[in-house]
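Start from chain A and add chain B according to the hints.
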Amino acid sequence: MNRLERNEKLTRLALLLVAFSAVSILLVITIFIFGEGTPVMFRYGLQKFLFSLDWFPLEKSYGLLPMIIGSLFVTAGALVIGVPLGLACAIVLTEFSSKRLRRILKPIIELLAGIPSVVYGFIGVVILVPFIRDNLGGPGLSVLAASIILGIMILPTIISISIDSLEAVPRTYREGSIALGATRWQTTRMVMFPAAKSGIIASIILGMGRAIGETMAVIMIAGNAATIPRSLLDPVRTLTSNIALEMGYAAGEHREALFATGVILFIIIMVLNTIANLTSKRRTP
Amino acid sequence: MRIYIDPKIEQRFFRAVLWLFTGVTVFILFFIIFYVLKRGLPVVSLGFLTKNPVEMGKAGGIFSTIVGTVALTVLAILIATPLGVGSAIYLTEYTRENWVTRVIRFGSECLAGIPSIIFGLFGFILFVTKLGLGWSLLSGSLTLAFMILPTIIRTSEEAIRSVPYAYREVSFSLGSTKWQTVTRVVLPSALPGIATGVILGVGRSIGETAAVIFTAGSSLHIPTSLFSSSRTMSVHFYILAREGISMANAYGTAAVLIIAILVINVLAYTLMNKFMRKYC
Numbered sequence: 001m002n003r004l005e006r007n008e009k010l011t012r013l014a015l016l017l018v019a020f021s022a023v024s025i026l027l028v029i030t031i032f033i034f035g036e037g038t039p040v041m042f043r044y045g046l047q048k049f050l051f052s053l054d055w056f057p058l059e060k061s062y063g064l065l066p067m068i069i070g071s072l073f074v075t076a077g078a079l080v081i082g083v084p085l086g087l088a089c090a091i092v093l094t095e096f097s098s099k100r101l102r103r104i105l106k107p108i109i110e111l112l113a114g115i116p117s118v119v120y121g122f123i124g125v126v127i128l129v130p131f132i133r134d135n136l137g138g139p140g141l142s143v144l145a146a147s148i149i150l151g152i153m154i155l156p157t158i159i160s161i162s163i164d165s166l167e168a169v170p171r172t173y174r175e176g177s178i179a180l181g182a183t184r185w186q187t188t189r190m191v192m193f194p195a196a197k198s199g200i201i202a203s204i205i206l207g208m209g210r211a212i213g214e215t216m217a218v219i220m221i222a223g224n225a226a227t228i229p230r231s232l233l234d235p236v237r238t239l240t241s242n243i244a245l246e247m248g249y250a251a252g253e254h255r256e257a258l259f260a261t262g263v264i265l266f267i268i269i270m271v272l273n274t275i276a277n278l279t280s281k282r283r284t285p
Numbered sequence: 286m287r288i289y290i291d292p293k294i295e296q297r298f299f300r301a302v303l304w305l306f307t308g309v310t311v312f313i314l315f316f317i318i319f320y321v322l323k324r325g326l327p328v329v330s331l332g333f334l335t336k337n338p339v340e341m342g343k344a345g346g347i348f349s350t351i352v353g354t355v356a357l358t359v360l361a362i363l364i365a366t367p368l369g370v371g372s373a374i375y376l377t378e379y380t381r382e383n384w385v386t387r388v389i390r391f392g393s394e395c396l397a398g399i400p401s402i403i404f405g406l407f408g409f410i411l412f413v414t415k416l417g418l419g420w421s422l423l424s425g426s427l428t429l430a431f432m433i434l435p436t437i438i439r440t441s442e443e444a445i446r447s448v449p450y451a452y453r454e455v456s457f458s459l460g461s462t463k464w465q466t467v468t469r470v471v472l473p474s475a476l477p478g479i480a481t482g483v484i485l486g487v488g489r490s491i492g493e494t495a496a497v498i499f500t501a502g503s504s505l506h507i508p509t510s511l512f513s514s515s516r517t518m519s520v521h522f523y524i525l526a527r528e529g530i531s532m533a534n535a536y537g538t539a540a541v542l543i544i545a546i547l548v549i550n551v552l553a554y555t556l557m558n559k560f561m562r563k564y565c
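In order, the protein sequence lines correspond to chains A and B. Mapped onto the working numbering, the consecutive letters of the first sequence carry residue numbers 1 to 285. Mapped onto the working numbering, the consecutive letters of the second sequence carry residue numbers 286 to 565.
If we strip away everything but chain B, and leave its shape as in the complex, we get:
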């Protein structure tokens, strides 16, 4: 025999459960952020940001790892953006849906799902060993670029697709070629959306550890060329925490990381919002 439950009471119960779960999720997020900031921010000072690590990071600051992170991220973005935006332009402007686009999309989706440790293994064997680049900024940034490529392709494609078709028609009617239309009309209008993808890529590179540690190495020196090994903030944080070198400096590094991620996310979100309001 089935027991009859008033649908209204049932709804009240499940709504409470769902909100409870959502509340738990939001709480976990805030807890992580505040916990790290509360313990880490007191450590962060101008000196912490501008001095190099001393004794493997036991004392001193994190300056060289900030330089390493920025260098690696900028290089990765410089490599991945042209490839990603180019792919997106081809997929949206130069072809119709057919087996070629399906192959390209499937490849990009698979690439997005590959774990970072596999990227690390791959970068290590190809760039570090086979090509003889060693643990270097170049090996690390190529590996990272491959990792963030799918993100940039997907967001750029969405951005380009949401530019109204009328823009293109007007441009064509004025006698411009396809390439002129793409570069002078479509891309400038899609720019904020594309920028969102790039910023998300920056976020992923900054937080990445597994792929970087085996390709860029963990030297604490400030990198001087594309071929110098370098340590990023995430790698530094990992080594400090795992080897118990200095908890205080680990918290400090984590706080800087979290703040960087917060700024990046807010930036990406505002840009995307502006873009959406314009076209959708």
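One chain only, chain A, in its complex shape:
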């Protein structure tokens, strides 16, 4: 074997190692989050963590149920706002707009993804929260405020992945439908949408993941009370805000309980990612 060949082999090996960096990082993150968070869960019993309503870290009571339900509420709310808006944008951009308009609109909408989450939170605090407080009652910091801001924040995820899957539908499908005399809307509803269904579902699931994982914006507008909200206007605390609010001063077992919160969040996100991954891989014939 000459020098050149050996060098090629070495490069291949080095690149393979580099290529595994993402997987290794994922693995290391999993190990550290679980290593730090699971002992305290087993010490008190999983049931207590998942189903107890009392989060009083100073009295060693670590019930995460209010936060789990809080996360589910704001995520559901975000989907109610984000899915119609997002899918409408995706359909308009792929089916109902001219090429030129699309070239302007797409980068503008992508800009939404670039705005930092603290800015979204801030806009929520200075505009949305006072509006809700004055017109609908309650403290303003609420499930509703968090849902609206999160709904806007997940738009870029839903829009870009839905556009990709609508664009991946073969042109002949659309042309065939139009040739049969269907209108654009009928074509969209009866041909394009079903054909792109798996990608669109994946986009919604990934949007869910983003909503559940969002932290800073939610802390600023959700009110953060560790109780189960009774209405849309009640304050709410999510899993993410539970971590970020108390990480600054928590120590010992309290900190471990925050990592346990991280473990639950991590598991939810991984399940959603895997579902999204499997749905989008299932190709329509």
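Honestly, I wouldn't trust all of these hints.
To be verified - To be clear about the criterion: a stretch of chain A counts as covered by chain B if any three or more of its residues have a C-beta under 8 Å from a C-beta of chain B, and this derived list gives those stretches:
id: 1; stretch: 96-108
id: 2; stretch: 111-121
id: 3; stretch: 128-134
Claimed, not checked - No more than 30 Å apart at the CA atoms, straight line, and that leaves these computed lysine-lysine pairs for DSBU-like:
id: 4; chain 1: A; residue 1: K106; chain 2: B; residue 2: K293
id: 5; chain 1: B; residue 1: K343; chain 2: A; residue 2: K106
id: 6; chain 1: A; residue 1: K48; chain 2: A; residue 2: K60
id: 7; chain 1: B; residue 1: K563; chain 2: A; residue 2: K99
id: 8; chain 1: B; residue 1: K463; chain 2: A; residue 2: K9
id: 9; chain 1: A; residue 1: K106; chain 2: B; residue 2: K559
id: 10; chain 1: B; residue 1: K463; chain 2: B; residue 2: K336
id: 11; chain 1: B; residue 1: K323; chain 2: B; residue 2: K343
id: 12; chain 1: B; residue 1: K336; chain 2: B; residue 2: K323
Keep in mind the hints are simulated off the structure, nothing from the lab. Here a beta-carbon is modelled for each residue, glycine too, at the ideal position from N, C-alpha and C.
What follows is chain B alone, placed relative to chain A:
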């Protein structure tokens, strides 16, 4: 009994609804940008950009947080780019689709979905505590680098894939090795596409708060070494707004952030457009 609706009227109705929703989305975006700029730009002056914060940010400017943001972002990019581009080269040039590439892609996709607060927790426990790096530029930039790695892998892979195969064939026919072909032919042609990924990574690092606040800390001093704690603009903005220290300075910081993000997005978009026009 089903009511018959003229498909043309149905289409007109739904088209109106869809455009209305799109309009709402675009309006929200412009509203956020203009609102922040309108209130923030009057605060931004040369002094605001070049003076350090005084009294926790109540007075003075944001100079040290600009330095912190730039330092953290540059370090994160320096760490993530070689890893990301290397991964992309392996995936595109050195292997065929098999279980290894599937594992790598799945790992990268999962990493992309992990919330920033989890990165923050992880960086805090590994870099800040276990490795004893403390709240520092190094801890913060390593955490950020891990966070933006999937973005860089994905965009680099797309960029490298779109370089026409003929380029490689010509290079091979001239007797170059695979590595020579990659470094001298493929990478230079894919550079604008790769740069787009890197710029998007810069955008994410600048806007990130949750992962940074627990790893780089929130010191208002100008960082002097890799081990000094530092506050980024996003963290500074968050603290100003949340603790009600100074609304005026919060708006000013937000305006600078928004302008930085706008510039970055325009840059990424123009580069990508140029690249696409060349090959696709």
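How the hints compare with the structure:
Remark: the stretch 96-108 of chain A is confirmed as covered by chain B, as 4 of its residues place a Cβ nearer than 8 Å to a Cβ of that chain, reaching the required three. Beta-carbon proximity to chain B at under 8 Å applies to 10 residues in the stretch 111-121 of chain A; the threshold of 3 is reached and the given coverage holds. Counting residues of the stretch 128-134 of chain A whose CB lies closer than 8 Å to any CB of chain B gives 0, which falls below the minimum of 3, so the coverage claim is violated. Our distance criterion of 30 Å between C-alpha atoms is met by K106(A) and K293(B), whose separation comes to about 27 Å.
As the CA atoms of K343(B) and K106(A) are separated by approximately 39 Å, the hinted pair breaks the 30 Å bound. About 11 Å separates the Cα atoms of K48(A) and K60(A), which keeps this hinted pair within 30 Å; it holds. For a cut-off of 30 Å, the pair hint linking K563(B) to K99(A) stands: about 19 Å separates their Cα positions. As the CA atoms of K463(B) and K9(A) are separated by approximately 10 Å, the hinted pair is consistent with the 30 Å bound.
For the proposed pair K106(A) and K559(B), the alpha carbon gap of about 16 Å is at most 30 Å, so the pair holds. A distance of roughly 51 Å separates the Cα atoms of K463(B) and K336(B); the hinted pair therefore is violated under the 30 Å criterion. Restraint check for K323(B) and K343(B): satisfied, since their Cα atoms lie roughly 20 Å apart, inside the 30 Å limit. For a cut-off of 30 Å, the pair hint linking K336(B) to K323(B) stands: about 22 Å separates their Cα positions.
Checked against the numbered hints listed earlier, the structure breaks hints 3, 5 and 10; every other hint is satisfied.
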